[in-house]
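*Asks:* Here are the chains, one letter per residue:
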Amino acid sequence: MPRLFCDGREIELRAGQRVLDALSDAGVVVPSSCRVGACQSCLVQATRGRPPAESQVGLKASLQAQAYFLACQATPTEDLEISLAGAAALEVRASIRSVDRLAADVLRVTLEPMQPFPYRAGQFLTLLREDGLARAYSLASLPTDKHLELHVRVVPQGKMSAWLESASAVGSSVRLRGPSGDCCYLPGYPTQSLVLVGVGTGLAPLWGILREALAANHQGGIELWHGGRTPESLYLSDELMALATAHRNFSYRACALESRGPSEVTVGHLDQLLLEAIPSFAGRRVYLCGDAGLVQLLKRKVFLAGASLQEIHADPFVSSK
Amino acid sequence: MSIYDELGGAAAIDAAVDIFYRKMLIDERVASYFEAVDMERQRGKQKAFLTMVLGGPNLYTGKDMRHAHAHLVQRGLNDSHVDVVIEHLGSTLRELGANEQQIAAVAAVANSARDDVLNR
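As you go down the protein sequences, you meet chains A and B in turn. Residue numbers for the first sequence follow this note's numbering, so the first one is 800 and each next one is one higher. Residue numbers for the second sequence follow this note's numbering, so the first one is 9 and each next one is one higher.
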């Protein structure tokens, strides 16, 4: 009979027994609700072994690709090692290589991991300082880049960002946990139209996803919308404009809430500008990253404008001090 | 063969959930019950509901239905809201090509959950 490995425990499965039942019989608590593979409450990740296909029905392709499955639908035929946290609980040491400023309140931080840190563009990691202070940041780099790159918003009274801004950060040793998240480019849909929308440092995951899509020679149209309070708060504009010039299927839209002087940037509310420009989102794959309130608002609007919920990748940021 | 299978099984349910959920969100008679609700989780619940009323594989229990809606009943959920759900269920199925006989059969199943939903 196949076995389950979970949190250092080994659990023998009975014939036909589902993973969810085996775990709960063994006293391992897994959230669950409908038990019919619909509600996805019992989502877990296989870290070794392959989850049965029927336990991945209805999951987003990006979750399937990362071996997530529904414990209530899984009657495995082979040994499985599973992570209840969903994210692989690996911690890797890294050193801070550089910190420079992308905009008045945005830092670019590059990190060099001491061990391999496999990830997909658009995922996020948890950065831990030596004293245990932890913050999550999206990866802006590509796995093929030499270093990991993060875009860190300087939060007023923010402990981590104040430290990263200080002279003592560069050269320091930190720990990384993760990566997590399914805000990733999906190969296999080369002609689908992609709409990437980021506010503030929500550009970070999109900067990775965009470059991965272009490197994969994505054929469908790609629009990247970057919103900020003022034109000056938008960053990487020159690089994005250069990419738009080089790739016929890519366009870049910069939007600001307010502008003091004349500017190339469109002024207005990002959600309104987006919906005016794209009245129907049917068939499009949409990435929404940044401030949680705005991401939730955009998600609802884009869904009502025809996007399928399964094709909306939302990465809401919640800032802490 | 259940209506669930006739409409195309799990894949059809995914399409149906998007259409149905959209209708509920823009209908001001019921929209307030969906404010501040996690959309992914809500989608999962609606998928379970649609699977149940279409006769797909499910483990429906009236107890779960009562529990899930108890706090909404306290906020005034009543028969008129269940009527709205059944109305949108019908128009969703119509868009997916179901005939009126099938729609009536599904409405009857949904109606059978009415007392559980309203905690009566």
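Source of the hints: derived by calculation from the structure; they are not laboratory data. There could be a bad hint or two in this list.
Within a straight-line C-alpha distance of at most 30 Å, the following computed BS3-like cross-link-like pairs (lysine-lysine) qualify [to be verified]:
| # | chain 1 | residue 1 | chain 2 | residue 2 |
| --- | --- | --- | --- | --- |
| 1 | B | Lys53 | A | Lys958 |
| 2 | A | Lys1100 | B | Lys71 |
| 3 | B | Lys31 | B | Lys53 |
| 4 | A | Lys958 | A | Lys945 |
| 5 | B | Lys71 | B | Lys53 |
| 6 | A | Lys958 | A | Lys1120 |
Far from chain A by the CB rule (all over 10 Å, computed), these chain B residues [to be verified]:
| # | residue |
| --- | --- |
| 7 | Asp22 |
| 8 | Glu48 |
| 9 | Pro65 |
| 10 | Asn66 |
| 11 | Gly70 |
| 12 | Val81 |
| 13 | Asp87 |
| 14 | Ser88 |
| 15 | Ile94 |
| 16 | Arg102 |
| 17 | Ala121 |
Ideal Cβ placement from N, Cα and C applies to all residues, glycine included.
*Asks:* Hint by hint, note whether the structure agrees.
*Replies:* Verification of the hints:
| no. | hint | verdict |
| --- | --- | --- |
| 1 | Lys53(B) x Lys958(A) | violated (39 Å) |
| 2 | Lys1100(A) x Lys71(B) | violated (34 Å) |
| 3 | Lys31(B) x Lys53(B) | holds (15 Å) |
| 4 | Lys958(A) x Lys945(A) | holds (27 Å) |
| 5 | Lys71(B) x Lys53(B) | holds (15 Å) |
| 6 | Lys958(A) x Lys1120(A) | holds (6 Å) |
| 7 | Asp22 | violated (7 Å) |
| 8 | Glu48 | violated (7 Å) |
| 9 | Pro65 | violated (6 Å) |
| 10 | Asn66 | violated (5 Å) |
| 11 | Gly70 | holds (14 Å) |
| 12 | Val81 | holds (19 Å) |
| 13 | Asp87 | holds (25 Å) |
| 14 | Ser88 | holds (23 Å) |
| 15 | Ile94 | holds (20 Å) |
| 16 | Arg102 | holds (18 Å) |
| 17 | Ala121 | holds (14 Å) |
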